[in-house]
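S.K.: Quick one: dock chain against chain with the hints and give me the complex.
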Amino acid sequence: MKPAPFDYVAPTSVEEACKVLAEAGGGATVLAGGQTLMPLLNLRMSQPFVLVDINKIPELSGISRSENGIRIGAATRQCDALSNALLAAELPVLVEALRHVGHHQTRNRGTVGGSITLGEPAAEQPACAVALGASIEIASVRGRRSVAATEFYVGPFMTVLEPDELVTGITFPHWPSGHITLFRELAQRPGDFALVGMVGALALEGGSITRAGLGWFGMGGTPIRARAAEAALLGQALDSVNADAIAELALSECAPFDDHHASAEYRRTVGRRLFAKALREALTVREAA
Amino acid sequence: MSEHRVNLTINGRRHAATVEARMSLGDYLRDEAGYTGVHLGCEHGVCGACTVIVDDRAVRSCLILAVQADGAEVTTAEGLADSDGTLHPVQQVMREEHALQCGFCTPGIVMTLAALTGGQDKADEATLMNSLSGHICRCTGYQGIRRAARRLAAEPGT
Ligand SMILES: Cc1cc2nc3c(=O)[nH]c(=O)nc-3n(C[C@@H](O)[C@H](O)[C@H](O)COP(=O)(O)OP(=O)(O)OC[C@H]3O[C@@H](n4cnc5c(N)ncnc54)[C@H](O)[C@@H]3O)c2cc1C
Ligand code: FES
Ligand code: FES
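Protein sequence lines, in the order shown, are assigned to chains C and E. Using my numbering, you'd call the opening residue of the first sequence number 95 and step up by one each time. Using my numbering, you'd call the opening residue of the second sequence number 71 and step up by one each time.
So here's chain E without its partners, still in its complex pose (with noise of 0.2 Å):
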């Protein structure tokens, strides 16, 4: 059993710490770093609650090791308000459609869609609907989500 040095940033704060090979990165960041918005369900990359960004792309964090992610750039759903608590374009539009009940799969969700919509090239309405397949939301039957991402595609500057 190897343990390992990483680097890494986390919403903009450097953590360095030492991990064992095992350790995902979704384990790592709840339960090491304090990041609790990251959510864990099922732990084998159906439900898609523990999306993260890393290096600008929406992944699983419970299918990537703690190590793999050593000098890579995370976002999780803390680093996306304002510190004086304006909420990220994703999480206001969110908000307003009711696009979520419970919050569980939530984090998961605002990820994906702050990934796709916060680059240069802003994905496409189908491109956005299409990147919800990879969350499973059990509580609001996703039309409310589903708004929030037409919105997001819609509107320019979001």
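Excised from the complex, chain C in its bound form (with noise of 0.2 Å):
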């Protein structure tokens, strides 16, 4: 046994699980998929006096559809959301970001929401989050409260969650049928955290961009919305898009850093050539349809 001992809780309802994050006063961590926290937990890295099991909370699991948009329970299994029908018909630019969050082993525990709250500045889904404009569902004994998933994000692994406070779902707003999905990533091997990342979707009018959520991941501190990038896209007919000059300004909303894994300047280099490259295929695809 490796972690430092704890007490362990499984809740069956939010209430409950918020009442026992309360009381805890920041000694309470909670336990969704276990797939980031149990390492840490083994590498005593994480030392939880009392851990809150919340796979046991049905409430928390499943995806629904509402007129507000699509909403993805905390809880929900990675496995589970992959292959889910409506997200799939909908959101399918999310379905294909999950295929790249860890191994098909690690999906089948990991949760959608464990991955939303860690906010690891690499990851998938909360770059999902951020660019198709999606707001993050939280509970506590002091209430319930909604936050936009870009301002959710703080941080390398810092979002504005307090120590009491269960996230409980994810909602993205819906985007039409037939809208363009654009998913890119360089990781060193399949199912490693990506060095450089991009999503985003774009909705059409009458053959010009109506809509368009543009995001990075591995790219700075936290997932980045590229906004100037949006903005420049909106109007424009789909043979008019200078994908170079778009990537460009996605590029500048980015603040890259060195790691042991690339450097700034290799982020940006390929960064700049993957949105690109991403953007440009994406067109082409649809004005050949």
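Because the hints were derived from the structure by calculation, they are not lab data. Glycine residues also receive a C-beta, built at the ideal position from the N, C-alpha and C atoms. Treat the hints loosely; a few may be bogus.
Unchecked claim - Some chain C residues close to chain E (C-beta under 10 Å, calculated; not the full set):
hint, residue
1, 123
2, 125
3, 199
4, 328
M.R.: Next up, the structure:
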């Protein structure tokens, strides 16, 4: 046994879980899929007094559609989201992104909400949430609130979540049927965290772009929304888009850093090309269709 | 530090135990229940050697707590072959294709492939090949393992 000792509770409702979190006064940690937390416990980088296992709370899993958008319960397993027909039909980019989250075996356990909450800057799902305009639902004994994904992340592994708060779900706004999806990442091996990646969606009307959601991962301390690039695309006809110029704009909004996997300069160089290529290919495929 | 009563089924046999909250399922299977076919390598989810089947899905036993497996049905490498020694199709194909050398990574790989080929809807070749990314093998160079996975996808009845 590697972790430091802790207590374990498995509440069956959100209210009960929030109560435990509040009473622990910061000494409790939520256990979702455990695919990040268990390694941290084994390395003793995390030493909570009590683990609050949310896997037995029915309200936290499942994917549903409402007029506000598509809601994914926080404890929905990545493998279940990956094979979900609603997501495949309405948010295919999310499914594409999920294919790159870890491995078959970690997706069998890891949750969508765990990845969203962790805020790893190179992770795919937080970038999807930021790029596509999702909002994150949060509960605590103090009540419920909802935070835009763009406001949720404040730094590497840092979010606005308070120690007594629980993420209950993520709601993605609707994107019109037939929207263009973009996804591309570069990782050292399949299943590794990306060195650089981009994700996005474009909605069209009469051949020109009416709505754009674009984001980066691995290109700074948080997932980044490429707002200048989005603005530049609006109103443009597909065949008039200059992908290199848009990629350059998107790059101007990043602040990649050096780490032992790659330098900031490498990330910028690869990021620029990867972004332009993803955009160019998506537009060409659509024009040809 | 809390202790918990757990009841689970391992390879068809019922087990009951009291476990410390911090005990992983991998540690429980190996050290308490005696299923030493569960190999613990990295204990942080990277190597895949500890992979077992929990309720029909291949998962890392180093990343689940034993207490979380309460009520679950667990299969380890020991649970695959018939009692007369006849190998499970995955084991047989891995053997024929020389998919192992030292054997440290093998139980994990066998469990992943067994989970993906054992059910009603057998996974296709792409899924099987992709699932191998979750396993590190230091010996074989992977080609034998890939051949075995390809055969499992192609051959009916395996
Ligand atoms: C080998 C390997 C490769 C991986 N590769 C990738 C990859 O390429 N891309 C990627 O994105 N991820 C990757 N991951 C991590 C991914 O598998 C995890 O699933 C994910 O990061 C965390 O989700 P989880 O459900 O496992 O959360 P946990 O590990 O259970 O929790 C993670 C953190 O979030 C907190 N938390 C979780 N859920 C909630 C909630 N609802 N409310 C409040 N707090 C919460 C926990 O307290 C903890 O601090 C990898 C993991 C492994 C082991
Ligand atoms: S020991 Fe579990 S993945 Fe390495
Ligand atoms: S056979 Fe030795 S690690 Fe794979």
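S.K.: Against the structure, test the hints numbered earlier, and report the numbers of the ones violated in rising order.
M.R.: 1, 4
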